[in-house]
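> Below are the chains, spelled out letter by letter.
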Amino acid sequence: MFVRDLGGVAAIFAISMLASAALNRVSGRPMALIYQSPEQRLSAELSRLVDTPPIYPSEVPTIELAEFRKQVENASALILDARSASFYEQAHVPGALNLARDEFAHDYQALKDRLDTFRDKPIVVYCTGGSCRDSRLVAAALISLGFSDVKVFAGGWDEWTQAGLPTETAKK
Amino acid sequence: MSGYLKTHWRHGIFLLLGAIFVYAGSVKVENPQAMADSIAAFGILPVILINPIALGLPVFEITAGVLLIVGWWRRVAALAILLAVAAYTVAIGSALARGITVDCGCFGFGPPTRARMWIDFGRDLIFLGAAAFSYFTLARQIRAQRRS
Chain H
2 MFVRDLGGVA
12 AIFAISMLAS
22 AALNRVSGRP
32 MALIYQSPEQ
42 RLSAELSRLV
52 DTPPIYPSEV
62 PTIELAEFRK
72 QVENASALIL
82 DARSASFYEQ
92 AHVPGALNLA
102 RDEFAHDYQA
112 LKDRLDTFRD
122 KPIVVYCTGG
132 SCRDSRLVAA
142 ALISLGFSDV
152 KVFAGGWDEW
162 TQAGLPTETA
172 KK
Chain F
100 MSGYLKTHWR
110 HGIFLLLGAI
120 FVYAGSVKVE
130 NPQAMADSIA
140 AFGILPVILI
150 NPIALGLPVF
160 EITAGVLLIV
170 GWWRRVAALA
180 ILLAVAAYTV
190 AIGSALARGI
200 TVDCGCFGFG
210 PPTRARMWID
220 FGRDLIFLGA
230 AAFSYFTLAR
240 QIRAQRRS
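So the protein sequences, as listed, match chains H and F. Read left to right, the first sequence gives residues 2 to 173 (our numbering). Read left to right, the second sequence gives residues 100 to 247 (our numbering).
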């Protein structure tokens with residue numbers, strides 16, 4: 002009986018794999034068959050904007066909550082939210098714009114006019130917090146694109162909300 | 100416990116486990132890329148299998164959950180859930196043993212912490228018990244029916 006049940010499980014698994022592959026093909030944004038890391042996907046996004054620039058995530062400087070808060074309150078830096086649009090639209094740091102890591106090329110084009118005015122001015126990027134890498138990747142991509150003063154708020158959304166600081170809800 | 104209560108208690112576990120799997124699968128089916136990132140972080144599967152599994156596993160969970168709820172192929176569905184939860188438990192257990200911090204992506208996605216991993220591991224052990232109970236209860240029922 003156990004072996005027959007295992008056969009049934011294999012059948013459910015096979016049908017699920019085939020159905021999901023078919024669903025993926027007809028979905029608006031089909032996922033590639035071979036996995037690509039977030040860094041590889043961002044490189045692919047960047048290559049849509051310029052000739053595959055290098056990314057050096059470890060070289061991006063970081064700032065702490067106190068400095069980030071001051072910049073948000075004084076509007077002395079362009080604040081960028083690197084999380085996906087669904088999280089950004091739920092809530093974000095007041096005044097932040099959404100430059101999502103997985104939609105980098107699209108969002109960059111949409112924000113280009115605003116971003117270009119900050120080529121030599123301070124930009125701070127954040128993501129969820131903890132060990133999230135999206136803010137570092139987006140910041141590194143911006144540095145690759147010639148922005149000279151890009152920093153990361155490493156505490157991210159988690160530290161901002163845990164400190165009880167104000168948030169904003171708005172569509173992209 | 101009376102036979103009536105026992106039967107209802109068992110059905111309650113089937114329905115609850117099935118509903119949990121339908122929910123877990125439906126949360127993940129919307130975001131296969133985050134699911135793939137979660138799987139990749141465990142460093143267990145070869146790269147070539149990551150995306151197909153990220154796409155297929157949520158559908159597998161929903162299918163097994165629905166079958167467990169509606170009662171069609173219920174024993175097979177219980178075994179499917181048992182094997183899936185066993186695999187998740189081994190994966191999280193191995194990540195904890197290797198000292199890596201990963202987001203299990205079990206019920207959505209977020210920043211991983213060691214504390215959350217231990218909670219996920221404990222929860223998977225409970226699910227493992229519930230799935231084993233479901234499968235072996237159903238298997239015993241069939242054997243008893245065949246004998247009588």
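There could be a bad hint or two in this list.
Taking beta-carbon pairs under 7 Å as the criterion, some of the chain H residues facing chain F (in silico) [as the list claims (entries may be wrong)]:
hint, residue
1, V10
2, I13
3, A15
4, A20
5, N25
6, V27
7, M32
8, L34
9, E104
Below, a list of computed lysine to any residue pairs in the SDA-like style, where the Cα atoms sit at most 25 Å apart [said to hold, decoys possible]:
hint, chain 1, residue 1, chain 2, residue 2
10, H, K172, F, A139
11, H, K172, F, N130
12, H, K172, F, V126
13, H, K172, F, Q240
14, H, K172, F, R173
15, H, K113, H, A45
16, H, K172, F, G207
17, H, K172, F, W172
What follows is a set of in silico ranges between Cβ atoms, one per label pair, in the way DEER data are often shown [to be verified]:
hint, chain 1, residue 1, chain 2, residue 2, range
18, F, I199, H, T118, 35 to 45 Å
19, H, R30, F, I199, 45 to 55 Å
20, F, W171, H, A86, 33 to 43 Å
21, H, T162, F, W171, 25 to 35 Å
22, F, W108, H, T63, 21 to 31 Å
23, F, Q244, H, A92, 28 to 38 Å
24, H, E104, F, T236, 18 to 28 Å
Calculated directly from the structure, the hints in this document are not laboratory data. Using N, Cα and C, we set each Cβ at its ideal position, and we do this for glycine too.
> Look at each hint and say if it fits the structure.
Status of the hints after comparison with the structure:
no.	hint	verdict
1	V10	holds (5 Å)
2	I13	holds (5 Å)
3	A15	violated (9 Å)
4	A20	holds (5 Å)
5	N25	holds (5 Å)
6	V27	violated (12 Å)
7	M32	holds (5 Å)
8	L34	holds (6 Å)
9	E104	violated (11 Å)
10	H:K172 with F:A139	violated (31 Å)
11	H:K172 with F:N130	holds (20 Å)
12	H:K172 with F:V126	holds (22 Å)
13	H:K172 with F:Q240	violated (55 Å)
14	H:K172 with F:R173	violated (44 Å)
15	H:K113 with H:A45	holds (18 Å)
16	H:K172 with F:G207	holds (22 Å)
17	H:K172 with F:W172	violated (45 Å)
18	F:I199 with H:T118: 35 to 45 Å	holds (41 Å)
19	H:R30 with F:I199: 45 to 55 Å	violated (29 Å)
20	F:W171 with H:A86: 33 to 43 Å	holds (39 Å)
21	H:T162 with F:W171: 25 to 35 Å	violated (44 Å)
22	F:W108 with H:T63: 21 to 31 Å	violated (53 Å)
23	F:Q244 with H:A92: 28 to 38 Å	violated (55 Å)
24	H:E104 with F:T236: 18 to 28 Å	violated (48 Å)
Against the hints set out earlier in the document, violations occur for numbers 3, 6, 9, 10, 13, 14, 17, 19, 21, 22, 23 and 24.
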